[in-house]
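Asks: Here is how the chains run, residue by residue.
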Amino acid sequence: MSLKDEQTLRVVLYEGGGSQSFENDRRYQAMSALLDRGYSVTRTTVGGRVAEDGEQPMLVLGCFGEEAAGDLQARAEPRVRLKNASRLDVVAMVAEADSFRGETGAAAQGAWKPWFPVIDYDRCTNCMQCLSFCLFGVYGVDAGQRIQVQNNDQCKTNCPACSRVCPEAAIMFPKYKAGPINGDVVSESDLNREKMKIDISALLGGDVYQMLRERSDKAKSRFSKERDSEKALKERQKCLVKLAQAGDIPAEVLMSLPSPEEIAKRALEAKAKAEAALKAQGNTP
Amino acid sequence: MTRPRVLYCHCAYAQVIPKDVKESVLRSLCDSGLPFDAVADLCEMSARRDPSLKTLAGDGTLKIAACYPRAVKWLFNAAGAPLEIQHCEVVNMRIETAADASLKLVADTLSPNLPPDKSGPSGS
Chain A
1 MSLKDEQTLR
11 VVLYEGGGSQ
21 SFENDRRYQA
31 MSALLDRGYS
41 VTRTTVGGRV
51 AEDGEQPMLV
61 LGCFGEEAAG
71 DLQARAEPRV
81 RLKNASRLDV
91 VAMVAEADSF
101 RGETGAAAQG
111 AWKPWFPVID
121 YDRCTNCMQC
131 LSFCLFGVYG
141 VDAGQRIQVQ
151 NNDQCKTNCP
161 ACSRVCPEAA
171 IMFPKYKAGP
181 INGDVVSESD
191 LNREKMKIDI
201 SALLGGDVYQ
211 MLRERSDKAK
221 SRFSKERDSE
231 KALKERQKCL
241 VKLAQAGDIP
251 AEVLMSLPSP
261 EEIAKRALEA
271 KAKAEAALKA
281 QGNTP
Chain B
1 MTRPRVLYCH
11 CAYAQVIPKD
21 VKESVLRSLC
31 DSGLPFDAVA
41 DLCEMSARRD
51 PSLKTLAGDG
61 TLKIAACYPR
71 AVKWLFNAAG
81 APLEIQHCEV
91 VNMRIETAAD
101 ASLKLVADTL
111 SPNLPPDKSG
121 PSGS
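So the protein sequences, as listed, match chains A and B.
The numbering of the first sequence is the numbering used here, which starts it at 1 and goes up by one.
The numbering of the second sequence is the numbering used here, which starts it at 1 and goes up by one.
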């Protein structure tokens, strides 16, 4: 099951009609513990709203009194559980959430560190360099041949390499340490900085930037040049080592790279995908 | 005028937001008496395309305590829940002090600060 298909549990700290308020410190401790555990939490008051879609399971914790909680539960949808939290300490509140999550089959959040590229479409020129660079199938195209992130969870944690090959600094990793990759404003100096411009021509065996500049005039695909696959493999590895030396690719990522044969195969597949998308855009003669 | 909704991101799976800032902002929200939504990690919500993001994006004015506005804008977009530029303010806990961030979140007024769309409305 993919991430997108999994339901998650929301916890509501209910402080509206029929319930007493939580004491401030208790509310904070509960919030903090539930968030650390990966749950979304809503604190609602009279007339307050809950950000939910009407389908996800929901645990409502409130200081109702046992009788009122029972009455309310009898009227609630099956996906909603009401629990009198008057006598629950924070540990017990988290345990209630864990228990209900288990019963409903909702996802356990936090098992995967959410590290993946986020595309800034205000900057992206749909050049497909990210797609042709990534060996892990993170990128794809939508029905309109626009680049998109399709498999977030295949991205290698802490590796921002694809953002380095983007000529427009359009790829962000919000959890990255520094700008503009972390989402900070992109400046001209960022674009010009040597560090930002890992020369993708070294990966693809040609002057891709020059080709990009000439693309609209000559209506050529940047992938039109034949290249030696062994050379391309060596150059890709060289680039990855360069990024690793700059402290941008964790050793674990380099260690988990597939075999040279597999890299060559995936590189060809990625190249073909990018080429097909560019052709569909009408960028080839 | 309706008070803006508040969404707080706990950025639970990374240390990019100073812990003391997160804790202090969360405590301020808890002490404020305001209703608010909190998520463990906005990045994870986006990756899951969590439908609650659509509810938040499409329900009037919204203040988001998280990280850089450009990142937040496109995280919502990636989840199929584009934010309304004029109706959203992002409070960046990576660079704001806890006191400033808290003040901005509990204020009645909204100061939209998402990067403007380059070519029409965002959306995927």
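Hints are supplied without guarantee of correctness; some may be wrong.
[Claimed, not checked] Restraint-style ranges between C-beta atoms, simulated for each label pair:
id, chain 1, residue 1, chain 2, residue 2, range
1, B, L103, A, K265, 48 to 58 Å
2, B, A107, A, G110, 25 to 35 Å
3, B, N113, A, A276, 36 to 46 Å
[To be verified] Once the Cα atoms are required to be at most 30 Å apart in a straight line, the calculated BS3-like pairs of lysine-lysine come out as:
id, chain 1, residue 1, chain 2, residue 2
4, B, K19, A, K177
5, A, K273, B, K19
6, B, K118, A, K271
Hint data in this document are derived by calculation from the structure and do not stem from the laboratory.
All residues carry an ideal CB built from backbone N, CA and C; glycine is no exception.
Asks: Now, for every hint given, state plainly whether the structure supports it.
Replies: Verification of the hints:
1. Evaluation of the 48 to 58 Å hint for B/L103 and A/K265 yields a pass: the beta carbon distance comes to about 55 Å.
2. The given range of 25 to 35 Å is respected by B/A107 and A/G110, whose C-beta atoms sit roughly 32 Å from each other.
3. A hinted range of 36 to 46 Å for the beta carbons of B/N113 and A/A276 is consistent with their spacing of about 39 Å.
4. Taking the CA atoms of B/K19 and A/K177, the gap is about 15 Å. The hint holds against a cut of 30 Å.
5. Taking the CA atoms of A/K273 and B/K19, the gap is near 42 Å; set against the 30 Å cutoff, the hint is violated.
6. A distance of roughly 28 Å separates the Cα atoms of B/K118 and A/K271; the hinted pair therefore holds under the 30 Å criterion.
Of the numbered hints given earlier, the model fails hint 5 alone.
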